[in-house]
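Let the sequences and hints guide you as you build the complete structure.
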Amino acid sequence: MRNRSGETEDTASASRWTARESELLAVTLQLLQQHGYDRLTVDAVAVQAKASKATVYRRWPSKADLVLAAFIEGTRLAGRPPNTGSLRTDLLALGETVCRQAREHGSTMRAVLNEMSHSPRLREAMQHEFVDQRKLVMESVLADAVARDEIDASAISDEIYDLLPGYLVFRALVSPRPPTEETVRILVDDVLLPSLGFRRPGSR
1 MRNRSGETED TASASRWTAR ESELLAVTLQ LLQQHGYDRL TVDAVAVQAK ASKATVYRRW
61 PSKADLVLAA FIEGTRLAGR PPNTGSLRTD LLALGETVCR QAREHGSTMR AVLNEMSHSP
121 RLREAMQHEF VDQRKLVMES VLADAVARDE IDASAISDEI YDLLPGYLVF RALVSPRPPT
181 EETVRILVDD VLLPSLGFRR PGSR
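Just so we're aligned, residue 1 is where the sequence shown starts under UniProt numbering, counting upward by one.
Hints should not be assumed to be uniformly reliable.
[Stated by the list, open to error] Calculated cross-link-like contacts (lysine to aspartate or glutamate; reagent style EDC-like; alpha-carbon spacing at most 20 angstroms): (1) Lys50 / Glu23; (2) Lys135 / Asp152; (3) Lys63 / Asp152; (4) Lys53 / Asp65; (5) Lys135 / Glu124; (6) Lys135 / Glu159; (7) Lys53 / Glu21.
[As the list claims (entries may be wrong)] Simulated restraints on C-beta separations: (8) Thr89 / Gln48: 21 to 29 angstroms; (9) His118 / Arg59: 16 to 24 angstroms; (10) Ser107 / Gly166: 17 to 25 angstroms.
No lab work stands behind these hints: they were computed from the structure.
Using N, Cα and C, we set each Cβ at its ideal position, and we do this for glycine too.
Right under this line is the structure:
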């Protein structure tokens with residue numbers, strides 16, 4: 001994906017963890033999905049992964065740190081631009097990915113958000129390792145749309161980056177009405193594309 005300098009990078013394909021650390025995170029995510037955050041213990045992770053508690057705590061100082069790392073690693077490969085060739089279908093694909101992740105990891109996301117409320121360290125990690133990375137995906141999608149003459153660069157604002165994931169995560173985690181494919185379509189067709197002044201290539 002493009003960074004702010006216009007250079008190409010792929011932040012989603014390379015894990016920051018060693019093979020052993022990735023294994024511990026995969027076990028954590030599996031146990032989270034089976035038992036939930038409250039019932040998850042570092043002891044259980046260590047036993048399942050055939051590791052010592054000291055090994056786990058040496059890398060992640062608390063259960064919350066471990067869970068946040070597992071969530072970020074578990075959703076890392078989804079953090080890639082769809083590259084469908086159209087802004088509309090790129091945005092639809094991104095929206096569907098957000099909805100799927102919220103369904104699969106909803107309880108984990110709620111637990112992480114709760115822990116973040118009283119941990120500046122976790123908030124910083126979530127911002128840098130998850131939110132900022134997802135913003136890079138949106139930047140890449142919008143830059144491609146500008147290159148295809150679907151939108152003008154001047155139409156892009158900071159508010160646009162948060163609108164798609166922010167609304168869908170709210171609907172998934174807070175609202176009693178979980179988002180559907182129709183939710184994503186309406187958000188893209190009736191809100192995002194008009195806000196960006198979307199036009200089909202060659203329409204001018």
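The hints, checked one at a time:
{"no.": "1", "hint": "Lys50 / Glu23", "verdict": "holds, 10 angstroms"}
{"no.": "2", "hint": "Lys135 / Asp152", "verdict": "holds, 18 angstroms"}
{"no.": "3", "hint": "Lys63 / Asp152", "verdict": "violated, 45 angstroms"}
{"no.": "4", "hint": "Lys53 / Asp65", "verdict": "holds, 14 angstroms"}
{"no.": "5", "hint": "Lys135 / Glu124", "verdict": "holds, 15 angstroms"}
{"no.": "6", "hint": "Lys135 / Glu159", "verdict": "holds, 11 angstroms"}
{"no.": "7", "hint": "Lys53 / Glu21", "verdict": "holds, 13 angstroms"}
{"no.": "8", "hint": "Thr89 / Gln48: 21 to 29 angstroms", "verdict": "violated, 40 angstroms"}
{"no.": "9", "hint": "His118 / Arg59: 16 to 24 angstroms", "verdict": "holds, 22 angstroms"}
{"no.": "10", "hint": "Ser107 / Gly166: 17 to 25 angstroms", "verdict": "holds, 20 angstroms"}
Of the numbered hints stated above, those contradicted by the structure are hints 3 and 8, listed in ascending order.
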